[in-house]
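Asker: Sequence:
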Amino acid sequence: MSLQENNLVLFEHELQIKSAALIILHSILKNKKKTNRQDRRWWITHLYRQREAGPNLMDHLQFDKTTGQFKNCIRIASEDFEFLLCKIGLKIMKNDTNMRNAVPVEKRLAVTLKFLTTGDSYTSLQYTFLISKQLISLIVPEVCQALIDVLKTYNKYLNKVLYLIPSSTKEWTDVADQFDKQWNFPHCLGSMDGKHIILQSPIKSVLLESEKAEIIVMTIVYLHNFLRKSSFSRNTYTPPGCFDSEDDGRLIEGHWRQNDQPLQSLRNIPRRSTISAKEIRDKFATYFIENGALPWQNNYA
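Letter by letter, the sequence shown follows residues 66 to 366 in our numbering.
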């Protein structure tokens, strides 16, 4: 056997030894990882197993529509609840598994509405609906996103909010001064949208990311506009005719338009602006933004 062939045999033999050692080491580490893993004390606690044992809170409330207890608990008319359930049911439905059954869609919607209307903690809600707080933390953002997607078609004017309208040129100037002092935004007469940021969370509260806070606030606004238009819940939230409304593409003007005296002061502002004023307008036109410049902002800024 030549020297080259002898070296090749030794190399193959050494490679086999190293491969075997690597396999044994991998097996030891894998078994050690399994040994250190802590087993669950319960697959599902006794409290949550009772969720399907018999009639619960939601079952009683849905059949008791005449007394108004359903609306007192969920803060929404049963007819509106059924409407929303039909719209988002397929979006939030989960399939049952061999291990356990999924939470029904009506409970997913109910626990989300209860959270939005009362602000109860997930810990408190888990005892009311017999759903673990870990699962509720997954259900709420998912249902909120489904509500936003569905209610977009019913709420064209999401950011329309009723404010006290300034009645003079000085009051309009004061508004702009406040934006300049507090936010360093000069020449701004109002804001269309904003980003919600959690500054300080309560003690021992569930950690809530800013993205989740934003989607929760947006869902509440969509629900408010939906309930304001609903024939079942309209007069509960705002007096009839208080706001402008839209019905089948037709604008129904609210009572506030009957008195336009507060807006008369704006008519005294000269229409012909100087070149420097136009430059300032173009510079600060980007204040009329949401997440970026809007294509129509220059028509109104």
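The hints are simulated quantities; they were obtained by calculation from the structure and are not laboratory data. In this text the structure is predicted, and so the values were computed from the model without any measurement. Be a bit skeptical, because a hint or two may be false.
No farther apart than 27 Å at their CA atoms in a straight line, the calculated lysine-lysine pairs in the BS3-like style are these [unchecked claim]:
| # | residue 1 | residue 2 |
| --- | --- | --- |
| 1 | Lys-172 | Lys-277 |
| 2 | Lys-246 | Lys-152 |
| 3 | Lys-159 | Lys-172 |
| 4 | Lys-343 | Lys-246 |
| 5 | Lys-136 | Lys-277 |
| 6 | Lys-246 | Lys-156 |
| 7 | Lys-152 | Lys-198 |
| 8 | Lys-277 | Lys-198 |
| 9 | Lys-136 | Lys-95 |
| 10 | Lys-246 | Lys-217 |
| 11 | Lys-217 | Lys-172 |
Pair by pair, the computed Cβ-Cβ distance ranges are [to be verified]:
| # | residue 1 | residue 2 | range |
| --- | --- | --- | --- |
| 12 | Lys-159 | Asp-242 | 22 to 30 Å |
| 13 | Ala-167 | Ile-89 | 52 to 60 Å |
| 14 | Val-74 | Gln-199 | 22 to 30 Å |
| 15 | Thr-234 | Gln-199 | 53 to 61 Å |
| 16 | Asp-185 | Ala-85 | 16 to 24 Å |
Don't be surprised by glycine CBs; every beta carbon is placed ideally from N, CA and C.
Asker: Evaluate each hint against the coordinates.
Answerer: Results for each hint:
1. In summary, the hint linking Lys-172 to Lys-277 is supported, as the alpha carbons are separated by about 20 Å, within the 27 Å threshold.
2. The straight-line distance between the Cα atoms of Lys-246 and Lys-152 is roughly 45 Å, outside the 27 Å bound, and the hint therefore fails.
3. This hinted pair checks out: Lys-159 and Lys-172 have alpha carbons roughly 12 Å apart, not beyond 27 Å.
4. Restraint check: the Cα-Cα separation between Lys-343 and Lys-246 comes to about 23 Å, which is no more than 27 Å; the hinted pair holds.
5. With a C-alpha separation of about 26 Å, the suggested pair Lys-136 and Lys-277 falls inside the 27 Å cut-off, and the hint holds.
6. Only pairs whose Cα atoms come within 27 Å are accepted, and Lys-246 paired with Lys-156 is rejected, the gap being roughly 45 Å.
7. Our distance criterion of 27 Å between C-alpha atoms is met by Lys-152 and Lys-198, whose separation comes to about 25 Å.
8. For the proposed pair Lys-277 and Lys-198, the alpha carbon gap of about 16 Å is at most 27 Å, so the pair holds.
9. Taking the CA atoms of Lys-136 and Lys-95, the gap is near 55 Å; set against the 27 Å cutoff, the hint is violated.
10. Between Lys-246 and Lys-217 the CA atoms are separated by roughly 35 Å; this puts the pair beyond 27 Å, and the hint is violated.
11. At roughly 23 Å between alpha-carbon atoms, Lys-217 and Lys-172 fall within 27 Å of each other, so this suggested pair holds.
12. Between Lys-159 and Asp-242 the C-beta distance comes to about 53 Å, which lies outside the given range of 22 to 30 Å.
13. Between Ala-167 and Ile-89, the C-beta spacing of about 44 Å breaks the proposed range 52 to 60 Å.
14. The supplied range of 22 to 30 Å is broken by Val-74 and Gln-199, whose beta-carbon atoms lie about 59 Å from each other.
15. For the pair Thr-234 and Gln-199, the beta carbons lie near 56 Å from each other, so the given range of 53 to 61 Å is met.
16. In this structure the supplied range 16 to 24 Å is violated for Asp-185 paired with Ala-85, their Cβ-Cβ distance being about 60 Å.
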